[in-house]
Amino acid sequence: DVTLHLYDLSKGVASVLAPWLLQEQVEGVWHTGIVVYGKEYYFGGDIYYDTPAETGFGKPRFSVHLGTTLRQKDELHAFIVDELKPCFSREAYDAARNNCNHFTDKVAMWLVGKHIPEEVVSQPDLLMRTNLGKALRPILTRVLGQYFEPKCSAEEVSDFSI
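Numbering (my numbering) for the sequence shown: 1089 to 1250.
I should point out that these hints are in silico values taken from the structure, not numbers from a laboratory.
Keep in mind that this is a model prediction, so the values were computed, not measured.
Backbone N, C-alpha and C fix where the C-beta goes; we use that ideal spot for every residue, glycine too.
Some clues are possibly wrong.
Listed next, the in silico EDC-like pairs over lysine to aspartate or glutamate satisfying Cα-Cα at most 20 Å (straight line) [stated by the list, open to error]:
| hint | residue 1 | residue 2 |
| --- | --- | --- |
| 1 | K1161 | D1089 |
| 2 | K1194 | E1171 |
| 3 | K1127 | E1179 |
| 4 | K1099 | D1162 |
| 5 | K1161 | D1138 |
| 6 | K1147 | E1163 |
| 7 | K1127 | D1089 |
| 8 | K1127 | E1115 |
| 9 | K1202 | E1142 |
| 10 | K1127 | D1162 |
| 11 | K1127 | D1182 |
| 12 | K1099 | E1115 |
| 13 | K1099 | D1089 |
| 14 | K1202 | D1089 |
| 15 | K1194 | E1207 |
| 16 | K1194 | E1163 |
| 17 | K1173 | D1193 |
The calculated label-pair distances, taken between Cβ atoms and stated as ranges, are [unchecked claim]:
| hint | residue 1 | residue 2 | range |
| --- | --- | --- | --- |
| 18 | K1161 | R1217 | 14 to 24 Å |
| 19 | D1162 | L1214 | 34 to 44 Å |
| 20 | A1166 | K1099 | 14 to 24 Å |
| 21 | D1162 | G1201 | 31 to 41 Å |
| 22 | G1201 | K1099 | 12 to 22 Å |
| 23 | T1156 | E1179 | 29 to 39 Å |
| 24 | K1202 | G1126 | 19 to 29 Å |
| 25 | R1217 | T1139 | 19 to 29 Å |
| 26 | S1151 | M1197 | 10 to 20 Å |
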């Protein structure tokens, strides 16, 4: 099974402030991870995996079942190293255009042939339409691209080097 975990980085604040700042209602500021093979894979300046729902982002606010995959774990790791790692690095991170949600969308498409919810992937576009969002983009990119020190990364784990 392949599951999408959604974490609200705002811890509920976005649902209160968004109507005033964005003139739209949003439930949260989403960070996502893909759960498959007993691990949660995500991007936060580098590509990481961890125990599901025990990442530095706390407990997921929502979980969405995406489907079942016929792909094997070693195939996923090869895909991450060969295809995704060059595009998803600390240097390539961008809070609006190349973030965790873009990563999980690509992994979901590869694993089950379907995208994660569009409202998650396109959420930064809402913020970037505002002057505040444009001003905050460099700060968000710097902060979110180095969010915390995870337990396992593609760089450090031999399991990723297939």
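Could you tell me which of the hints above the structure violates, numbers in ascending order? Hints 3, 4, 6, 8, 9, 11, 13, 18, 20, 21, 22, 25 contradicted; others consistent.
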